[in-house]
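Go by the hints and put chain V onto chain B.
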Amino acid sequence: MSQVQSARDLDRDLILSADTVVVGSGAGGAVVATERALRGERVVVLEEGPSVSAALLGSMRPSESLRHVWRDGAFTLAIGVGDSPSINVTMGRCIGGSSVLTGAVCFRTPDHVLDHWTSVLKLRDYTERGMDRYFERVEKAIHVEEVPAEMRSRSTQLFALGARRTGLEMQPMRRNTRGCNGCGRCNFGCPHQAKMSVDLSYLPRAMAAGAEVWSHCLVQRVLRKGDRAVGVEGRTLGPDGRPSRRLVVHARRVVLAAGAWHTPLLLRSSGLGRPELVGHRMTLHPGFRVLARFDSPVQGWQGALQSGWVGDLEPQGITLLSLFVPPGVLGSTMPGVGPEHTSNARHIGHLAMFGGILHDEGGGSLYRTPGREPLALYRMAPRDRARIPTLIRALARSFFAAGAREVFLPVLGLRGVDADAFARLDLERIPMNRIECASQHPLGSAQMGAFPEHSVVDPDGKLWGMDSLYIADGSIVPTSLGVNPQLSIMAIATRIADRMR
Amino acid sequence: MVPSRIEVPDQIRPGVGLSASDRRASLALAEALFSTPEGPPPSERLGWLIDDLDHFMAHAGPRARLAYGLCLRAISWIAPLLVGRPGSLAGLDLPLRIEALERFERSPVALAFFGAKTILCILYYEHPEAARAAGVDPSCLRSPR
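Protein chains in written order, with our numbering: chain B, 1246 to 1746; chain V, 40 to 184.
Worth flagging that the hints you see were computed from the coordinates, not collected in a lab.
Model, not experiment: these values are computed from the prediction.
Quick reminder that beta carbons are idealized off the backbone N, C-alpha and C, glycines included.
Some hints here could point you the wrong way.
[Said to hold, decoys possible] A few chain B positions that, by computed beta-carbon distances, are all more than 10 Å from chain V:
| id | residue |
| --- | --- |
| 1 | 1256 |
| 2 | 1285 |
| 3 | 1286 |
| 4 | 1306 |
| 5 | 1309 |
| 6 | 1318 |
| 7 | 1391 |
| 8 | 1486 |
| 9 | 1557 |
| 10 | 1584 |
| 11 | 1586 |
| 12 | 1681 |
| 13 | 1712 |
[Claimed, not checked] Here are some chain V residues pointing at chain B (derived, C-beta under 8 Å):
| id | residue |
| --- | --- |
| 14 | 73 |
| 15 | 76 |
| 16 | 99 |
| 17 | 102 |
| 18 | 106 |
| 19 | 107 |
| 20 | 144 |
| 21 | 149 |
| 22 | 160 |
| 23 | 162 |
| 24 | 167 |
| 25 | 170 |
| 26 | 173 |
| 27 | 174 |
| 28 | 175 |
Chain B on its own, in the form it takes in the complex:
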């Protein structure tokens, strides 16, 4: 079978057996499934979401992608606790997972992060040299290439100009693309099959090697015999989206790759892992954007969606990243109601945009609810909170240095401010409940570590105290990275697949 199979309309229970069953078809799961299938194993991949062809993805309006492919239509929130902003955490729910919806940004795990992992966390094999071959393999498989300067949008060009004038240097981004023409809608599914997401780069190879990939499969718990995982069970999702037929996969090895948002829930519902560790210490890379209005047209959606980044502020835990969003999302960030809003929205074509993320400490926790989705809380560390004004200032000052007329800050209800008003603004005094914050990088909710008392899985991704149960997704990443995590997740998953016994 070389196509994704849908369990939606099955009129029977789905009972399968395999050498390896993989729960989740995103960046981690697809890699493990492919690597094991290429070794001749019988592999079954179970995905909760639908299969959406690249052609169909490309024909959708952005909001259609949100409603069909994003989890909960992107209405997913980590609620701020204490003096913390609430954070909109978005992720994919389809064959290919969030890899279908990324901006295709590929960073290797930064050296200073690997140094921390090896020297402080004692993950001794996670050196730059030790990880090099895994990164090389993944980069080849997903065709990582540098974005040429001529593909930069005018929005990014303007920021680069201003950044240089304020002493910051933009560097070219690397992305997993082939034949990208810079149409700027990566986050809603590439219409040209140019983004090498895992549904295009890995899963077809897995299926060609005999792996079965099933959509509409909701895994509810891990089956165990003593201290061995022997499969998974759950329900297929029927045409109405509700649990339908019984789903059982017997396997001698189980790999959880449902993402940092759901893997901890699966562990908890299976009574696995230490409760005080599973679902806690989650990092999010809280992200903030600044928009800037220029006198001349910008049309920021023309060009590569993400093409440059600034690493000069990493010592302060900040990475600046180019990005852009569709006009409708831009419109929503225009303050005001009625004539004020529509007047602001008339300048959408004159807006440039740049963003930044915090290399945060783990302040997120996930809790089970009666439904399928977790309750997520996030308590931002004081250190991270103090960095938000620094991040916003770096973005705004760069835009002003490039000639921006006014900037729109990520502060709910705040009108556009010119350079003078910005200089007078006391960013440190803005309440956190007025800060607009988003995340696409939930990580570390079932962390990897060298010691069972402090971590959920061992350095090879195996659950401590349990044979044949592995985790291979963002949940095991032991600290935040400060950069987009897709490539790191895939490289770690490759290493885990290589070392499975």
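Just chain V now, kept in the frame of chain B:
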């Protein structure tokens, strides 16, 4: 031309969309939000917007519906109080509704307004006439079909 709506062959059957009261509240909000000095947008465009919102909520799932519903209720109940007129948002005349929403947007519960405003804006500016009014011609973003 009004944009058509895509259905995914492998998707689940859509669930329920907006309730009648949520449709009314959404319309009252959208009418105020997208008003220009000349008045609210054409009723056909608002009708398309609310139909598309209904389609969105039917497909996006129960949690999206719940989150949007909570945002909408917070706005509908609290915003009128901010202009000293207890009652429903839809019961306020347009200028007062706009003033109530402006005050809500600057209040400590602004996140609820942002949640509802975001999805309404994403949908509204996908309408070709609304996009044109905003000076947007994102040929690729508008999808190749």
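The hints, checked one at a time:
Distance to chain V confirms residue 1256 of chain B as a non-interface residue, since its nearest Cβ pair spans about 16 Å, more than 10 Å. With a cut of 10 Å on Cβ distances, residue 1285 of chain B stays outside the contact zone with chain V, its closest approach being about 29 Å. Residue placement check: residue 1286 of chain B keeps its beta carbon more than 10 Å from all beta carbons of chain V (closest about 26 Å). Not every beta carbon of chain V lies more than 10 Å from that of residue 1306 of chain B, the smallest distance being close to 5 Å; the non-interface claim is violated.
Residue 1309 of chain B, annotated as away from the interface, has a beta carbon of chain V within 10 Å; the closest lies near 5 Å. The beta carbon of residue 1318 of chain B is not kept farther than 10 Å from every beta carbon of chain V, the shortest such distance being approximately 3 Å. With a cut of 10 Å on Cβ distances, residue 1391 of chain B stays outside the contact zone with chain V, its closest approach being about 22 Å. With a closest Cβ-Cβ approach of about 4 Å to chain V, residue 1486 of chain B is found to fall inside the 10 Å limit, against its non-interface label.
With a closest Cβ-Cβ approach of about 31 Å to chain V, residue 1557 of chain B is found to remain outside the 10 Å limit, as its non-interface label requires. Chain V draws residue 1584 of chain B into its interface by the beta-carbon criterion, the shortest separation being 5 Å against a cut-off of 10 Å. Interface exclusion of residue 1586 of chain B from chain V breaks down, the closest Cβ pair being 6 Å apart, not more than 10 Å. With a least beta-carbon separation of about 7 Å from chain V, residue 1681 of chain B fails to lie farther than 10 Å from that chain, contradicting its non-interface assignment.
Non-interface status of residue 1712 of chain B relative to chain V is upheld: no Cβ of that chain comes within 10 Å, the nearest being about 35 Å off. Satisfaction of the interface hint for residue 73 of chain V is found here, the shortest Cβ-Cβ separation to chain B being roughly 6 Å, below the 8 Å cut-off. With 8 Å as the threshold, the beta carbon of residue 76 of chain V comes within range of chain B, its nearest partner Cβ sitting at about 5 Å, so the hint holds. Here the hint on residue 99 of chain V is kept, as its CB sits about 3 Å from the closest CB of chain B, short of 8 Å.
Look at residue 102 of chain V: its Cβ gets to within about 4 Å of chain B, closer than 8 Å, so that hint holds up. With a cut of 8 Å, the hint placing residue 106 of chain V at the interface with chain B holds, because the nearest CB-to-CB distance is about 4 Å. Here the hint on residue 107 of chain V is kept, as its CB sits about 7 Å from the closest CB of chain B, short of 8 Å. Using the Cβ-Cβ criterion of 8 Å, the hint placing residue 144 of chain V at the interface with chain B is satisfied: the shortest such distance is roughly 4 Å.
A distance limit of 8 Å between C-beta atoms decides the matter here; for residue 149 of chain V the minimum to chain B is near 4 Å, and the interface restraint holds. Residue-level restraint check for residue 160 of chain V holds (minimum Cβ-Cβ distance to chain B is 4 Å; threshold 8 Å). Hint status for residue 162 of chain V: holds, given a least beta-carbon distance of 5 Å to chain B, under 8 Å. At its closest, the beta carbon of residue 167 of chain V sits 11 Å from a beta carbon of chain B; the interface hint therefore is violated under the 8 Å criterion.
Hint status for residue 170 of chain V: holds, given a least beta-carbon distance of 6 Å to chain B, under 8 Å. Among the interface hints, the one on residue 173 of chain V holds; its C-beta lies about 5 Å from the nearest C-beta in chain B, closer than the 8 Å criterion. The restraint placing residue 174 of chain V at the interface with chain B holds, with a minimum CB-CB distance near 4 Å, inside the 8 Å limit. Interface restraint check for residue 175 of chain V: the shortest CB-CB distance to chain B comes to about 4 Å, inside 8 Å, so the restraint holds.
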